[in-house]
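Chains as they are written, first to last, in our numbering: chain A, 61 to 272; chain B, 325 to 531.
No lab work stands behind these hints, which were simulated from the structure alone. We treat Cβ as the ideally placed atom computed from N, Cα and C, and that holds for glycine. Hints are not guaranteed to be accurate.
Pairwise CB distance ranges, derived in the manner of DEER restraints [unchecked claim]: (1) B/Gly348 to A/Asn62: 51 to 57 Å; (2) B/Arg451 to A/Arg183: 47 to 53 Å; (3) A/Ala269 to B/His430: 23 to 29 Å; (4) A/Arg212 to B/Gly443: 36 to 42 Å; (5) B/Arg347 to A/Asp179: 35 to 41 Å; (6) B/Arg451 to A/Asp179: 28 to 34 Å; (7) B/His359 to A/Ala213: 38 to 44 Å.
According to the in silico footprint, chain A covers these stretches of chain B (three or more CB under 8 Å from chain A) [said to hold, decoys possible]: (8) 353–365; (9) 453–459.
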Amino acid sequence: MNGLRLIMRDVRLAWSGGGLWLPVLFFLVVAILYPFAIGPDARLLRATGGAMLWIAALLAALLPIERLIKPDWESGHLDQLAVRGWADEAVAALKIAAHWLSFGPPLLLAALVGAALFDLDGRMLATLLAGLAIATPALAALSVTIAALTARAGGGAAGLMLLPLAIPVLIFGAGSLDPSARGGMALLAAVSLGLTVLAPFAAGAALRALRE
Amino acid sequence: MEQRQAERAGSPVIRIERLACLRGGRLVFEGVDWHVQAGTLGLLTGPNGAGKSSLLRILAGLLRPAAGSIRVDGRIALADERHALDPQRTLLSALRLWAAMDGRAHPVSEAAMEALGLGPLRDVPVRMLSSGQTTRAVVARALQSGADVLLLDEPMNGLDAASAALMAGALARAVEAGTTLVVASHIPIGIAPATVLDIGKGTGAPA
Chain A
61 MNGLRLIMRD VRLAWSGGGL WLPVLFFLVV AILYPFAIGP DARLLRATGG AMLWIAALLA
121 ALLPIERLIK PDWESGHLDQ LAVRGWADEA VAALKIAAHW LSFGPPLLLA ALVGAALFDL
181 DGRMLATLLA GLAIATPALA ALSVTIAALT ARAGGGAAGL MLLPLAIPVL IFGAGSLDPS
241 ARGGMALLAA VSLGLTVLAP FAAGAALRAL RE
Chain B
325 MEQRQAERAG SPVIRIERLA CLRGGRLVFE GVDWHVQAGT LGLLTGPNGA GKSSLLRILA
385 GLLRPAAGSI RVDGRIALAD ERHALDPQRT LLSALRLWAA MDGRAHPVSE AAMEALGLGP
445 LRDVPVRMLS SGQTTRAVVA RALQSGADVL LLDEPMNGLD AASAALMAGA LARAVEAGTT
505 LVVASHIPIG IAPATVLDIG KGTGAPA
């Protein structure tokens, strides 16, 4: 019950602080600008648009990184949870769940618009949405972990340095859009599950280190 | 309430033996011994930088001591300079969130606010509170928690005379109710402590 309360608090904070619209708008802006950059070749847009949406989704997940951990660390919110006996790993897991709720479902809706801009066919759209649904928990997990690791130093540049951690998600996610590829979705699910399960432990250790 | 006090009377609820604290490679203090009896007030004094806040954080389990042993019996609440109250929430809503986290029913927030003269501010967003009001709000959260041990860091900071009197009264009532208080303060708090630890000297003594 208290876990749900903490998740709802974080989601409410994210939505009230622009956390809902900022990643979605960023995602849509990238989707809108890409055709201007690559030109009006519909065949080329169809072929590359899906991959571009994957990159946009990854960056959109990282966009609110500064507000995921740092404000709660600075205000003492995390200390108060620790005093009440909350394990740092549990706090990290709740933060991941809250971050996913605040950007994952809206991003899936925005992907519908992005797919229309790139004229993706029904099969590719379904694959894209399924892939994003599978991968966005991992992107949320990575974002929270990076936020915890970089809360003391400042997240922006350090977050970009840690982006390579998301490369497997990007490879298998974008790769799953290729009709000739086999098992891409299963590999994406495996990577996503692994990252989502391991991230609370890494982020929890980072939260513990913040107290020292 | 009296039964709770009677059950605890005489037994040290906080035991600190040969405690040392190292922060950022600097030895903040060492060889600190202190016992605080249940249902009493322990006052922690010392100059700036002597390690009062660090000792409270060690007691709260947020910092690991470099050496020595520590034991705290019972549930702990910490009120320090980090207010941990969501700035966009109203004061009542922010306190209710923590009351719920502590498994306490809603009226405890209103009661704690009234005890510290915060009643008229219940619908004011936390970000609009002054420094003294925020200090009182943080102590209100500790009071409403129902914890056995309250660790309070500079609860008189930023308070005017009237607010300081309210604070002293609320803390005295908490001790009377059987709660153990450890207060770090560099100014008088208006209540007689049972024991005082001057962290610069390292050993606690009856007041």
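Each hint, compared with the structure:
In this structure the supplied range 51 to 57 Å is violated for B/Gly348 paired with A/Asn62, their Cβ-Cβ distance being about 34 Å. Range check, B/Arg451 to A/Arg183: Cβ separation about 50 Å, and the 47 to 53 Å hint holds. Remark: the range hint 23 to 29 Å for A/Ala269 to B/His430 is contradicted by a beta-carbon distance near 36 Å. Between A/Arg212 and B/Gly443 the beta carbon distance is about 38 Å. The supplied range of 36 to 42 Å therefore holds.
At roughly 60 Å, the beta carbons of B/Arg347 and A/Asp179 sit outside the given window of 35 to 41 Å. For the hinted restraint 28 to 34 Å between B/Arg451 and A/Asp179, the CB-CB distance of approximately 47 Å leaves it violated. Checked against the given bound of 38 to 44 Å, the beta carbons of B/His359 and A/Ala213, roughly 40 Å apart, stay inside it. For the segment 353–365 of chain B, the stated coverage by chain A is violated: 0 residues have a C-beta nearer than 8 Å to a C-beta of that chain, whereas at least 3 were required.
Using a Cβ-Cβ cut-off of 8 Å, 0 residues of the segment 453–459 of chain B lie near chain A, which falls short of the minimum of three, so the contact claim is violated.
In this structure, the hints that do not hold are numbers 1, 3, 5, 6, 8 and 9, in rising order.
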